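J.: Sequence:
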Amino acid sequence: MLVTIGGRMGGWGLYVLKGKPVYTYNFLGLEKFKWQGTEALTPGKHTIKFDFKYDGPGAGKSGTGVLSVDGKEVANNKIPHSIPFIITIFETFDIGSDTRTPVDDGDYQVPFKFGGTISKVTVKLGKDQLIADSDRLMRQNILASVNY
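For the sequence shown, numbering that gives the first Met the number 0 assigns the number 0 to the initial residue and increments by one for each residue that follows.
Where hints are given, some of them may not hold.
[Claimed, not checked] Listed next, with one range per pair, are the computed distances between beta-carbon atoms:
1) 71 <-> 144: 42 to 52 Å
2) 135 <-> 45: 25 to 35 Å
3) 143 <-> 117: 36 to 46 Å
4) 135 <-> 54: 37 to 47 Å
5) 63 <-> 29: 11 to 21 Å
6) 135 <-> 29: 35 to 45 Å
[Unchecked claim] Using 20 Å as the maximum straight-line C-alpha spacing, the simulated DMTMM-like pairs for lysine to aspartate or glutamate come out as follows:
7) 112 <-> 127
8) 52 <-> 38
9) 33 <-> 54
None of these hints come from the bench; they were simulated from the model. For clarity, every value in this text was computed on a predicted model and none was experimentally measured. Glycine included, each C-beta is placed from N, C-alpha and C at the ideal position.
Full structure from sequences and hints, please.
T.: Written out as structure tokens, the structure reads:
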């Protein structure tokens with residue numbers, strides 16, 4: 000595992016599987032979307048990047064993801080929807096391993112430690128795509144689900 004947040008019930012992970020870079024997006028345990036390089040990484044240092052362009056504004060919209068290695072696109076995929084609320088607090092944001100449940104237990108089991116060296120992880124947030132109405136609706140749904 001290079002970096003992950005979430006797990007079996009929703010989240011994402013960027014990892015190396017059988018030498019190939021993989022990004023998996025788990026939509027609430029209902030669907031999994033995968034970007035995977037077709038070739039194994041050569042030995043040595045690499046820059047692996049996942050870039051997601053959200054089709055917002057509003058919660059739960061679609062988007063397009065691009066997985067690249069050393070500046071070269073290796074996979075491009077569109078997802079029809081995204082998780083419209085906060086990922087469970089029972090999962091963690093991990094670098095170098097996965098300490099809770101896997102985003103795809105068909106690919107790996109925890110702790111799934113990365114055997115190489117991770118020199119740097121950068122997470123760049125884009126423009127906030129939630130609008131006031133979506134945020135208000137999301138809060139109402141969360142409160143209703145816990146009977147407040």
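J.: At the C-beta level, are residue 71 and residue 144 separated by a distance inside 42 to 52 Å?
T.: At 43 Å between Cβs, range holds.
J.: Assess, step by step, whether the Cα of residue 52 is no farther than 20 Å from the Cα of residue 38, and give holds or violated.
T.: Status violated; Cα separation ~24 Å.
J.: Taking the beta carbons of residue 143 and residue 117, is their distance inside 36 to 46 Å?
T.: Hint holds: Cβ distance 41 Å, inside 36 to 46 Å.
J.: Given the range 11 to 21 Å, decide if the beta-carbon distance of residue 63 to residue 29 lies inside it.
T.: holds (20 Å)
J.: Is the hinted range of 35 to 45 Å satisfied by the C-beta distance from residue 135 to residue 29?
T.: For residue 29 against residue 135, whose Cβ atoms are near 25 Å apart, the range 35 to 45 Å is violated.
J.: Between the alpha carbons of residue 112 and residue 127, is the straight-line distance 20 Å or under?
T.: violated (32 Å)
J.: Is 25 to 35 Å respected by the C-beta to C-beta distance linking residue 135 and residue 45?
T.: violated (43 Å)
J.: Within 37 to 47 Å or not, the Cβ separation of residue 135 and residue 54?
T.: Violated - the Cβ-Cβ distance for residue 135 and residue 54, about 21 Å, lies outside 37 to 47 Å.
J.: Is residue 33 close enough to residue 54, meaning Cα to Cα at most 20 Å?
T.: holds (18 Å)
In this structure, the hints that do not hold are numbers 2, 4, 6, 7 and 8, in rising order.
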